[in-house]
Amino acid sequence: NAGVTQTPKFQVLKTGQSMTLQCAQDMNHEYMSWYRQDPGMGLRLIHYSVGAGITDQGEVPNGYNVSRSTTEDFPLRLLSAAPSQTSVYFCASSYGRGAEQFFGPGTRLTVL
Amino acid sequence: GDSVTQMEGPVTLSEEACLTINCTYTATGYPSLFWYVQYPGEGLQLLLKATKADDKGSNKGFEATYRKETTSFHLEKGSVQVSDSAVYFCALSDQGGSEKLVFGKGTKLTVNP
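Chains as they are written, first to last, in our numbering: chain A, 1 to 112; chain B, 1 to 113.
Read the hints as simulated data drawn from the structure, not as lab findings.
Worth double-checking, as some hints may not be accurate.
In silico DSSO-like cross-links for lysine-lysine, where the CA-CA straight-line distance does not exceed 30 Å [claimed, not checked]: (1) K77(B) with K100(B); (2) K105(B) with K56(B); (3) K60(B) with K100(B); (4) K9(A) with K68(B); (5) K52(B) with K77(B); (6) K56(B) with K108(B); (7) K100(B) with K9(A); (8) K77(B) with K108(B); (9) K105(B) with K9(A); (10) K56(B) with K68(B); (11) K68(B) with K108(B); (12) K9(A) with K52(B); (13) K77(B) with K60(B); (14) K108(B) with K52(B); (15) K14(A) with K77(B).
Owing to the predicted nature of the structure, the values given are computational and were not obtained by experimental measurement.
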């Protein structure tokens, strides 16, 4: 099993550009989520999904969109990047409530 | 809302020293509690967890006990190694066993030989 994979590992954008961060898992987990990690802030939940076709907002959803068309994939879209979105982004998955979350290796995004 | 507070870092120790990283939480009901570890350049991985009061989670020589009376879940290890150098995060999920985790800000540990 590859676990949770994320692409790209690094990305530099200009303000106003759009892009999609990819996340995939091969563990047949129903639950997937996106976090951002900023210095001194810990991890903050952006969006999450409890199954294909179901998504919901987390703590810091503004500026990000998600969709979940399959169990395996959970892409995160930045429609118009801003410098405040410079961060490290982690995708995670788990098989259900209260279960261990498995994290991907992260995407380091810089917005100039 | 739910929140987690952990001790400020960074923490620097010599090999074989004792480690304690304090973690306290605010939550309604009876959350599940977790410690995650992040090694340099990697994602987070679960270190240990406890799901009810007085439970003790343990793994790789680390321990933490769920103390409801003090709303705490302190991480301890009797003898740290250089390979324990990492960032440690305390986290909780709510009483319903929510899929959502609330994280503390993390504590960076450096262990010197």
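Hints and how they fare:
no., hint, in the structure
1, K77(B) with K100(B), "27 Å, holds"
2, K105(B) with K56(B), "22 Å, holds"
3, K60(B) with K100(B), "25 Å, holds"
4, K9(A) with K68(B), "40 Å, violated"
5, K52(B) with K77(B), "21 Å, holds"
6, K56(B) with K108(B), "23 Å, holds"
7, K100(B) with K9(A), "24 Å, holds"
8, K77(B) with K108(B), "15 Å, holds"
9, K105(B) with K9(A), "23 Å, holds"
10, K56(B) with K68(B), "12 Å, holds"
11, K68(B) with K108(B), "26 Å, holds"
12, K9(A) with K52(B), "37 Å, violated"
13, K77(B) with K60(B), "9 Å, holds"
14, K108(B) with K52(B), "27 Å, holds"
15, K14(A) with K77(B), "45 Å, violated"
The earlier numbered hints that this structure contradicts are 4, 12, 15.
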